[in-house]
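K.L.:
We have chain A; now place chain B onto it with these hints.
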Amino acid sequence: MKHTISVLVENHAGVLSRVSGLFSRRGFNIDSLAVGETDDPAISRITIVADGDEHTAQQIEKQLNKLVDTMKVRTLAPDELLARELQLIKVNATPSQRSEILTICEIMGAKIIDMTANTLTIEISDSTVHLKRMHDLLEGYGIKEIVRTGVIAIQKGSVTIK
Amino acid sequence: MIRAAEAMVRCLRSEGVKVVFGYPGAAICPFYDELYRSDIHHVLVRHEANAGHEASGYARITNKPAVCIATSGPGATNLLTAIATAYADSIPLICITGQVSTDQIGCDVFQEVDITGAAQPFVKHSYLVKDAAMLPRIFKEAFYLAGTGRKGPVLIDVPVDIQNTLIDFEYPETVSMRTYKPTVKGNPMQIKKICEAVENAKRPLICAGGGIFLAGAEKELIEFAEKAKVPAVSTMMGLSLFPTDHPLYLGMLGMHGVKSANRAVNECDTMILIGARVGDRAVKSPTFLAENKQIIHIDIDPAEIGKNIPVDIPLVGDCKTILSELAEKIGEVSHDEWLSELAEIKNDIPENEETEGFINPKVFLRKLSDRMPSDTVCVADVGQNQIWCCNNYGIKEGGRFMTSGGMGTMGYSVPCAVGAKMAAPEREVIAVCGDGSFQMQMMELATIMQEKIAVKIIVMRNNYLGMVRELQTKGYGDRQIAVSLDGSPDFVALARAYGIESERVSTMAEAEEKIEKLASSDKSYLLECDVYSLESTL
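From first to last, the protein sequence lines are chains A and B.
At position 161 of the first sequence (counting the first as 1) the number is 161 in my numbering, and the numbers step up by one without a gap.
At position 338 of the second sequence (counting the first as 1) the number is 1338 in my numbering, and the numbers step up by one without a gap.
Looking at chain A on its own, in the form it has when it is part of the complex (with noise of 0.2 Å):
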């Protein structure tokens, strides 16, 4: 099961290493990682997905607390989360290829950022989900590289984590 967790930690050099190292030494499979400033440029906000069972999603949580740079830590429920991540793709696409390509990333909200004689490169930021259907879509024409960042997520509605 995929649980998704959001970290804020004091923003200090070696608490990345502290975190991931935690994962890596509990035996924790951690599917993406992606960390960034807060509004308050003292303390970061990690989001990690990870995979495992409740008790071990238990384990996570109160391991992270346990270290010493950890502000706060809450596993976010499936159905009280927007979750983006954010994805580049290179793709071939031949002269007689593009306006496809183009037509798949208007509808599916991507957009186009650089292109050559025979590859665009496309960003698009969304669910992990959408972002799957993205990748089988522009399978078939042939992907050279993809860079992704790894989920962040915020709750729905008015509520924050501060």
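A hint or two may mislead.
Unchecked claim - With a straight-line Cα cutoff of 20 Å, these simulated PhoX-like cross-link-like pairs (lysine-lysine) come out:
{"hint": "1", "chain 1": "A", "residue 1": "LYS66", "chain 2": "B", "residue 2": "LYS1181"}
{"hint": "2", "chain 1": "A", "residue 1": "LYS66", "chain 2": "B", "residue 2": "LYS1307"}
{"hint": "3", "chain 1": "B", "residue 1": "LYS1181", "chain 2": "A", "residue 2": "LYS72"}
{"hint": "4", "chain 1": "B", "residue 1": "LYS1185", "chain 2": "A", "residue 2": "LYS62"}
Said to hold, decoys possible - Simulated restraints on C-beta separations:
{"hint": "5", "chain 1": "B", "residue 1": "LYS1181", "chain 2": "A", "residue 2": "GLY21", "range": "20 to 26 Å"}
{"hint": "6", "chain 1": "B", "residue 1": "LEU1538", "chain 2": "A", "residue 2": "ALA13", "range": "47 to 53 Å"}
{"hint": "7", "chain 1": "B", "residue 1": "GLU1337", "chain 2": "A", "residue 2": "GLY21", "range": "48 to 54 Å"}
The set of hints was computed from the structure by calculation and includes no laboratory data.
The beta-carbon is built from N, C-alpha and C at its ideal position, and this holds for glycine as well.
P.N.:
Same frame as chain A, but now just chain B:
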């Protein structure tokens, strides 16, 4: 303005540090230069791991963070085993390491190692100091972190140029960390629930762990057990919480524990785990165990609750306040039937066979503990000697037993005993080790002589790494490899070479005389006991 190195020493003095354990080197020289000018007593170890173990022994007796010091690179990596050992047993240490100059960090210069990176999985927290002005706050935080909540080692890595920087010094009086607030008081609802559960239980049992020492809750534990009339077993780290002959006490549980304790564990209907983390050696199949009994788990560390065993009533908080509240609130209860049942099991002690021309370590340790003063500190090493000690060295009221329980670090006993003796010079301190483990720490005999302290050492010599040999015999078709200790020196001659009085004993008839000598000597003394090579652990 003062040199940051001097500020470091002043920080230690502000924390009341009187003794430090360490080994100097180039990258920590400015700090040592300031130690030279201070009244802090520095104990020179003969290997950095021992600095950590000695600080561990000191910390366990004083129940305050103790300080160990090493230089950069190999000095720091040598300290790692001791840091991991302290982490596994939640012992509060302040580990200070020198580091290469900040402008050289990352260049792989002489004696450079990323020690905060290397130690990261087994420190409570660590600091690589990059701004000298932060040192006072870092020290304040480090002592606070090491000694509160679930205790543990904190590493402070200080580059040599930082030590030489001039700073304005003011030691913070208070510490406030927005990210670290350990829970101290137990939830009153949960306390009430526990009282009810214990009152309603027919066969309740306390499992007391090392966390009770760390909380300084020894008295509160006994008070609660006696008032609630609940029998108790202990983990290895919880040994000596109860005197061995306490009527409610049944001994150590687990794979190396005693029958009475394990039967009690299997037959109880309610188990109250206090300051114990249900390690695999204590409880082999926790899920199975929890199936037919109610589990109550009291611990300062929320992450321990539910980690290894499913829990019915969890309670996070400081054992001392919780146990005194429990003792106060628990109603009139009687578990007479259960207690008399257990009393029968407790008296069922197996006879020990004696092998001609050898010391039976189990009988020997019982005789030794009979003779020693009640407040003696006994430190067991790791291997067969540890289990012999756990199950046979009798603890009297006020006595203390210590060992490396979580990590099982060989070479722990002598340095830990040195640290304990420095902390409590008036108490007798004995280190019990095997001939394998002794050879991992025998350099510390020099420290004992240099410090002129009276640490008593027992070396159980069976010319084998006995516990591994036993494992190979039972689990690997008796294919013995790398367990024979042929080539070991004459330990008596070795000790004498250091100037330590030493003797060998190989018959039980002589044992009492030697024990008398050991107990009555006011100097350090090493006794080598010849043990039958196939002597069993249990």
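K.L.:
Now tell me if each hint is right for this structure.
P.N.:
Now for the hints, and whether the structure bears them out:
{"no.": "1", "hint": "A:LYS66 with B:LYS1181", "in the structure": "holds (10 Å)"}
{"no.": "2", "hint": "A:LYS66 with B:LYS1307", "in the structure": "holds (14 Å)"}
{"no.": "3", "hint": "B:LYS1181 with A:LYS72", "in the structure": "holds (12 Å)"}
{"no.": "4", "hint": "B:LYS1185 with A:LYS62", "in the structure": "holds (18 Å)"}
{"no.": "5", "hint": "B:LYS1181 with A:GLY21: 20 to 26 Å", "in the structure": "holds (23 Å)"}
{"no.": "6", "hint": "B:LEU1538 with A:ALA13: 47 to 53 Å", "in the structure": "holds (50 Å)"}
{"no.": "7", "hint": "B:GLU1337 with A:GLY21: 48 to 54 Å", "in the structure": "holds (51 Å)"}
Of the numbered hints given earlier, the model fails none.
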